[in-house]
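*Asks:* Sequence:
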Amino acid sequence: MTTKTNETTQTTQATQNADFGPVLTRAADAETTRDPSSVMTLLADSGHTGGRLTSYRSTFAEGAVGAPAHLHTKASEMFFVIDGALQVLVGEEITVLEAGDFLLVPPHTPHAFAAAPGRTADVLFVFTPGAGRFDYLRLLGRVMRGEADPQEIKDSSERFDNHYVDSQAWREALATRS
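Using my numbering, the letters of the sequence shown correspond one by one to residues 1 to 178.
Just to be clear, a hint being listed does not mean it is correct.
As the list claims (entries may be wrong) - Quick list of the computed label-pair ranges, beta carbon to beta carbon:
hint, residue 1, residue 2, range
1, Ala148, Ala61, 19 to 25 Å
2, Arg177, Met144, 15 to 21 Å
3, Pro150, Ala30, 22 to 28 Å
4, Pro36, Asp155, 19 to 25 Å
5, Gly146, Pro22, 35 to 41 Å
6, Leu24, Gln168, 40 to 46 Å
7, Arg171, Phe20, 36 to 42 Å
In short, the hints are calculated from the structure, not lab data.
The structure presented is a predicted model; accordingly, all values stated were derived computationally and were not measured.
We put the CB at the ideal spot given by N, CA and C, even for glycine.
Go ahead and model the full structure; you've got the sequences and the hints to work with.
*Replies:* Pasting the structure below:
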């Protein structure tokens with residue numbers, strides 16, 4: 001009994017000492033943003049997590065390209081494949097993540113992703129620390145739908161810690177997709 005009370009007390013103290021409260025996003029209430037080949041369900045952004053993380057879920061249409069080669073200078077990006085398969089670039093290596101696979105990409109590591117050729121993908125993304133990425137995802141959706149100028153993405157690279165890089169390996173991988 002004493003152990004249970006101490007665990008409860010420690011949990012309560014940790015919650016009271018956090019600079020944010022619990023974050024619960026119900027599926028029915030979650031904001032979504034769309035582009036022609038994916039739906040992003042926004043789960044928790046840095047403003048609600050004390051800056052600790054940003055998380056969203058993306059479902060990609062069959063073979064849909066997700067993000068071009070890029071890196072983050074501050075954030076680590078985590079991928080958890082819920083269903084389907086995700087083709088990813090990490091550094092200059094390309095691999096396919098299957099349902100249940102987890103990948104952590106540290107800062108300064110070029111990476112890119114797309115639904116594997118001929119497959120769909122359902123992926124949970126987590127960035128830590130968070131960086132107000134929901135505004136970036138909203139912007140990206142507007143650009144993909146032709147509602148905003150692509151230059152806005154380039155102009156926001158520092159704000160969203162999203163820096164595009166060139167990757168011959170990723171260009172070649174995309175060229176062989178059918």
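*Asks:* Now, for every hint given, state plainly whether the structure supports it.
*Replies:* Right, here's what the structure says about each hint:
no.	hint	result
1	Ala148 <-> Ala61: 19 to 25 Å	holds (21 Å)
2	Arg177 <-> Met144: 15 to 21 Å	holds (18 Å)
3	Pro150 <-> Ala30: 22 to 28 Å	holds (27 Å)
4	Pro36 <-> Asp155: 19 to 25 Å	holds (23 Å)
5	Gly146 <-> Pro22: 35 to 41 Å	holds (38 Å)
6	Leu24 <-> Gln168: 40 to 46 Å	holds (43 Å)
7	Arg171 <-> Phe20: 36 to 42 Å	holds (40 Å)
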